[in-house]
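Enquirer: Protein chains in written order, with my numbering: chain A, 1 to 423; chain B, 1001 to 1127.
Any given hint might turn out to be false.
To be verified - Here are the simulated lysine to any residue pairs, SDA-like style, with alpha carbons at most 20 Å apart:
{"id": "1", "chain 1": "A", "residue 1": "14", "chain 2": "B", "residue 2": "1079"}
{"id": "2", "chain 1": "B", "residue 1": "1013", "chain 2": "A", "residue 2": "21"}
{"id": "3", "chain 1": "B", "residue 1": "1013", "chain 2": "A", "residue 2": "192"}
In case anyone wonders, no lab produced these hints; they're calculated from the structure. As the structure is a computational prediction, the values presented were derived from the model and not from experiment.
The primary structure of each chain is shown beneath.
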Amino acid sequence: MAAAYELQCRECGKRYENAPLSICDECFSPLEVVVDLDEARRTVTRATIAAGPTSMWRYQALLPVPDDATPQTPAGWTPLLKAPRLAQRIGARNLWIKNDAVCLPTLSFKDRVVSVALENARRFGFDTVGCSSTGNLANAVAAQAARLGFKTYILVPADLEPAKILNTQVYGATLVRIDGNYDHVNRLCSQIADRYSWGFVNVNLRPYYAEGSKTVGFEIAEQLGWRLPDNVVVPMAGGALITKIRKAFKELIALGLVEEKPVRFFGAQATGCSPIATAVKTGADHIEPQRPSTIARSLAIGNPADGVYATRAIRESGGWAEDVSDVEIVSAIQELAETEGIFTETAGGVTTAVTARLYAHGRILPDELTVTCITGNGLKTTDVLQGAYEQHAAIRPRLGDFEEYLAEQKEEQELEVGGAYVG
Amino acid sequence: MSVRVLLPNAFQKHTNGEREIQSSAANLPALITEIETAFPALKTHLRDESGQVRKFINFYVNEEDIRFLGNDKYAFRDGDEVLVIPSIAGGCAPCETRFAQEQRQEPNCGTCACCSYCGQEECICGS
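My request is simple: use the sequences and hints to build the entire structure.
Expert: What follows is the structure in structure tokens.
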């Protein structure tokens, strides 16, 4: 059974009964869900969680969903992998990857937040749901709404990657392409949500939706054997994920499920859209919006909704934020695939490149237990690797031809290393 | 000169349900004053304790964030459409005070709603 929960203004503290509402009507600040941890403490133990399903719903008691919710999708419980080969490459010795590139059903961490949002859409009686999206959220809403029988309107920037558009339309969702960037789309959705009685997962259902991100933090702690890491590296778009992983750790401490310890939070952005990283680096207490220009389109939010809170979470934890170029993003995608067998999208390239830089700059020390969060799958952004690999002419199916091919390969390799070849 | 101003649902409690006004304000500060004159009940909600317009209230002119157009310096043109959207990004004055305290390693002031985690006036989570 879910613990009691309600909405609360993040600034003035005013409490609200559960409703499809994301803005305080007193100070116009964002609302968030608060779960009654006193009640949860009486019912939630490591054993009750372990007895739950192998999905994020093993933490249902700590999520804002109705008591009678029977979730329809097995989102979450993704692998936490030790990453020794990548670690060796970047000067780390205790590096782990939380791999949401294989989150079900649509291969990104957005499946987690959408699961929680749509359970609430059902509770509030909506028959139509929607979202503004940079792609992964569109996929997740379209798939899960299909399974739950909602009508779906999804608004995206017109220049979105083709795979993300196809992976939305295939589920029967109405996809509306907007001539503008994500911030234009997001603003339009705010207006639509004011006018139409629809459940927009990241507008009027946002407080519930965002809580789904806590499950990344719950899983990291449980998969580490009920302990917290020293550092977490998290990609930042709207900035909610990093704040919610921190909230998850604090809840686990409050529930007595893990030992208290300081965890430092590190944020990752692309240089072409880095409003949160810029605020962290300059010590600013507010977010200056930017016009995004990066291949990491899933992180291209120039006016991040939770930017201020992400900045605070990073600062309060003693962490840092970095941003990397588009060239570094592509190299990092390749490096992660080549070393650990994980093919991530551009956002994962951002996180991997930033992780490497944090070690290189000494902000993270080699022996510290560090978890880097991969949030999406490379199959959705293959366009950024166009031209990265040469395709040889096909050879005949003969052993002699194959041996000739191997000899040519060896020659090419020798030329590439400029005489340094010693094999 | 006339500017069309669209107000969000969150304001309606303080605007007797009005969702739109016509304004002849020359720029953003003048527009905010005009909104406050038209809807006195909104004034204390639009501004924080120090009298500053809350930073998480966003203004857009013809689809563009007014901060990209020069913010307070932007001169409205006849026919502009101004959109007010709360809470896409922002912070608040009490929290800035908190940051200053943290820099000096002073404890939470306890007098303002400045905890980013629990949102309590007197922080209950110790963050």
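Enquirer: Hint by hint, work out which the structure violates, then give me just those numbers in ascending order.
Expert: 1
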